[in-house]
Amino acid sequence: MSTRHRLLSMLVENHPGVLNKVSSMIRRRGMNITSLSVGETDDESVSRMTVAIDVGRAQADQAVKQLYKLIEVIKISDITEDPIIDRELVLCKVTAGRGDRSELLQIIDIFKAKIADVATDSMVIEMSGAEDQVETFLELVRPFGIKEVARSGTVAMTRGREGLRLSAKHQARTPAQQDLAAAERQRRSAGVLVGD
Amino acid sequence: MTTSTTTPTTATDSPNGSAPVIADGQVITGAEILLECLRREGVDTIFGYPGGANLWLYRYLPDFTDIRHILARHEQGATHMADGYARANRGKAGVVFATSGPGALNCITGIATAQYDSVPLVVVTGQVPTVAVGTDAFQESDVIGVTMPIVKHSYLLQSVDEIARVVREAFHIATSGRPGVVVIDFPKDLQNARHPFHWPAGPVSLRSYNPTTRGNPLQIKRAAKLIDEAKRPAMLAGRGVLISRGEEELLELSRKASIPVGWTLLGTGCYPVGEELSLHMVGFMGAGYTNKAVLGCDLLIMVGMRADDRVTTKLDSFAPQVENIIHIDIDPAEIGKNVRPTLPIVGDAKQVLGEIAKLVAPKRLDSWITQIERWKEEHPLRYRRNTGVLQPQDVLLEMYRRCDSDAIVVADVGQNQIWGALWWDFKGSGLYLNSGGSGTMGFAFPASLGARVGRPDKPVWCIAGEGGFVMTMQELATAVQENIDVKVVILNNYCLGMVRQFQDDYYEGVRSAVDLRVGPDFVKLADAFGMPGWRTDKVEEVPQLLDRMQRHSGPCIGEFIIDPEANVRPIVPLGKGLPDFVEEIVEAGF
Ligand SMILES: Cc1ncc(C[n+]2csc(CCOP(=O)(O)OP(=O)(O)O)c2C)c(N)n1
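Protein chains in written order, with my numbering: chain A, 1 to 196; chain B, 1001 to 1590.
Since the hints were made in silico from the structure, they are not lab data. This one's a predicted model, so the numbers in the text were calculated from it and none came from an experiment. One or more hints might be untrue.
Stated by the list, open to error - Pairwise CB distance ranges, derived in the manner of DEER restraints:
(1) A:Arg27 with B:Thr1387: 43 to 53 Å
(2) A:Gly30 with B:Asp1547: 52 to 62 Å
(3) A:Ser102 with B:Val1131: 51 to 61 Å
Even glycine gets a Cβ: it sits at the ideal position worked out from N, Cα and C.
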């Protein structure tokens, strides 16, 4: 991560519209999102978001406080200064005529990337790594002629035992809420709830 | 004079009177579920307006005879009424009903106004049927999307079985922590879908929402120590003190530790004027001696306030000398957002002030009090009397003489708002309701109606400029229909006074688009709506006119033609800092 960026890791309710609320809150406070990824966690009622914003520390503090005001945000941690593992997945389609291939294969080897698809004059390379590795990798393949790039956005996690978990207080639910969660699960499995 | 034809049930009249009792498990429609939940939440009044997408709600509303519905004449009016109701009835949420599309969109200004001033509202908007959502159906608008940046939380109901839970959560979220607005968007088909009623008993528990209300004891101890050590402490109080009903604790702490207290525009009423330790309003248009105290103190305590630009003026001019700033607020996001405190305390103003008051050592800071007295003498609030032209203060001082401290005064936006705040000598704590955060012209009149409905035991006076008043004057009909006793004082200067003043002083003196010489004749206007109205432009007639207004039971208008050149003073010129406030020059003899 470049030093200007702050990396926030957050747990949010897995409800429709939460992504929209989080991103518009950041926009509304005049901050720019440089990377964002979302996915369900082991608890299907909770999503995890990793958001990189292009601000300094004080502004990131303000963003965290404002984000906490969203009722669906359960937990946030600014992990910029923590020891972390961060990864981004990139798919990159490059022009690769016969002559270029061996050189490309070397780069792929160095970055422990994979060839995901090959055609006569192009290939799709799948690579994952920390953001700066991804940047370097793209720099190196650029001369071959990049046709298309898709990046997943960074996901990150702190090293060691500690981590972003729901505490007991967050898991406590009233019986009514438990009923509701069960009903929601049923609805989901019946495929009634679409679009979230 | 024609008065109301309806005899409204007041809030206290009929708790559960003849209304149907809905039992747990009874199969009823979604509309009835929502109404029953409102009743169980203690709602006695709904301010609203019907339309295609909430007609099932209106179909069942008359069955709930213990809920009074007030038909506004515009949804913005309904929203401001609910806002005034909630501000006057501290702790209770105001409730609004509006239809989809245009109805809901008309609520937007009212929603933002309430949200910016931390007023709890639950706004129930009708929505097109679930299957039509997202199809650009007739009168469909994305209410959740449009309101997202101006609400505390919102819900789009997706099935009837969640109505009861959502209503419970909505009231909990609206009224707890830092209060705010919750929108419930209610698709029409769900209003008419039948489902067994089930009231979720027990307290609402949301894993992701647990506002901190008790201040950290360690921080509270530190605060007490800083206060004990301070030689020149000063306190500024905002609306948070009023919301938490912390006036007594504020007074107690101030007296015990000899701390002078000033307030923000929205904090007006939280501390009695005329106390030895009372300062006055702070900031941009605050009293000179308050600003002097902020600039001369060695410890500043800010409680229940945001320290926005109307308070700080230029940020680096705001108390640069103080070593320690204690900031107490229930919303952690407000602490350090503008002014960086050395000691932050997140918590409820009343609780934290009470705890600090217990810990501080009693003391009296004589030389500091003497200094404050000197500033009060050097920089008093003053205005030009006896100019031959009626001054706004001539009216307000007489008006305030007639509303004892426990009246509720609701002011609009503009010069009238600042004059009203600066010249009320309330002795006990009073309520001075106004749109401080949003500055919404047209707020006062509907809000005053809501305030009176919420607190029928208190006299309610409304102050407005003629510009702001006409923005929501359609609610005169509501006032008459429901016979809501509000006394409206219109300070008519035949122009957009505050804007005219700014143009004169900061925009090269060019008066542009501020001429309101063509306006309604307010006496005739009152008559047209069926209420009395009186007018004067003479100082000597003011007392008599106000007496009439006070004697009259029911809504009435007093129009006062005031000096069109009167300005708000003191004021910190735009772009300048707190020490640069400009005061009224009063020549000898006036
Ligand atoms: C809805 C809205 N539009 C515009 C403004 C900008 N504004 C602030 S004060 C003011 C003048 C108000 O004039 P009036 O209501 O006559 O009150 P006065 O200042 O004369 O007391 C205006 C236009 C506003 N605050 N709200």
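### Task
Find the hints from earlier in the document that the structure breaks and name them by number, from lowest to highest.
none
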